[in-house]
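Based on the provided sequences and hints, a complete structural model is requested.
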Amino acid sequence: MITVLVLFGLGLLLVAVEILVPGGLLGIFAGLCLLAGVVTAFLQFGAVGGLVATGIALLIGALTLYFEFVLLPKTRLARTFSMTETVAGRSQPEVAERAAVLGREAVAVTTLAPGGYVEIDGRRYEAFCQSGHAAAGARLRVVEVDTFRLVVTQIQ
Numbered sequence: 001m002i003t004v005l006v007l008f009g010l011g012l013l014l015v016a017v018e019i020l021v022p023g024g025l026l027g028i029f030a031g032l033c034l035l036a037g038v039v040t041a042f043l044q045f046g047a048v049g050g051l052v053a054t055g056i057a058l059l060i061g062a063l064t065l066y067f068e069f070v071l072l073p074k075t076r077l078a079r080t081f082s083m084t085e086t087v088a089g090r091s092q093p094e095v096a097e098r099a100a101v102l103g104r105e106a107v108a109v110t111t112l113a114p115g116g117y118v119e120i121d122g123r124r125y126e127a128f129c130q131s132g133h134a135a136a137g138a139r140l141r142v143v144e145v146d147t148f149r150l151v152v153t154q155i156q
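Just so you know, my numbering puts 49 at position 49 of the sequence shown, and the rest follows in order with no gaps.
Simulated from the structure, these hints should not be mistaken for laboratory data. Ideal placement from N, C-alpha and C gives every residue a C-beta, glycine not left out. Be aware that a few hints might be false.
[Stated by the list, open to error] Now the in silico label distances, taken between C-beta atoms and shown as ranges:
#1 A16 to F45: 23 to 33 Å
#2 G55 to F81: 27 to 37 Å
#3 L59 to I28: 12 to 22 Å
#4 E144 to I28: 28 to 38 Å
#5 G115 to Y66: 50 to 60 Å
#6 G55 to A88: 45 to 55 Å
#7 G23 to K74: 42 to 52 Å
#8 R139 to P22: 30 to 40 Å
#9 L72 to E105: 34 to 44 Å
#10 R141 to T86: 33 to 43 Å
#11 G61 to V6: 12 to 22 Å
#12 F29 to G55: 13 to 23 Å
Have a look at this one:
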């Protein structure tokens, strides 16, 4: 009886700590302690004792899930530890407005072999040259706006 109570107590303690410090590992150990308590109850007390222990373990699991996902997010503690702000920045700068650059003439700032930088109206853009290689200073035309760059071709 003491073994079953110790295992269930340890399982409850680990579940409580898991709720406050999420990560999963403590929850797994808590589940293993509860399972060991159920198996021990089956071995020591037979089917009836094992079924009672199983019911208690399932009730503990259900109450834990309810507390962690329904009640806890509404508490002041959860609001204190929860992230409420979003990041408004971007990892990449905006390429360009498609309508503003499509068909425009650009000048190669660097050699495009086939990638490099072009300039339109004093602003630099990363570009990809469809015609392969373009020397620095070459006149180019914007034919497409890709996700992160302009697609250009040489003007003949």
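Taking the hints in turn, this is what the structure says about them:
1. A16 to F45: 23 to 33 Å: The hinted range 23 to 33 Å holds for A16 and F45, with Cβ atoms some 26 Å apart.
2. G55 to F81: 27 to 37 Å: 33 Å, holds
3. L59 to I28: 12 to 22 Å: 19 Å, holds
4. E144 to I28: 28 to 38 Å: 51 Å, violated
5. G115 to Y66: 50 to 60 Å: Given range 50 to 60 Å: holds, Cβ gap about 55 Å.
6. G55 to A88: 45 to 55 Å: 50 Å, holds
7. G23 to K74: 42 to 52 Å: About 22 Å separates the Cβ atoms of G23 and K74, which means 42 to 52 Å is violated.
8. R139 to P22: 30 to 40 Å: Distance hint for R139, P22 is violated at roughly 58 Å.
9. L72 to E105: 34 to 44 Å: 60 Å, violated
10. R141 to T86: 33 to 43 Å: 39 Å, holds
11. G61 to V6: 12 to 22 Å: For G61 and V6 the Cβ distance comes to about 19 Å; the hint holds.
12. F29 to G55: 13 to 23 Å: 21 Å, holds
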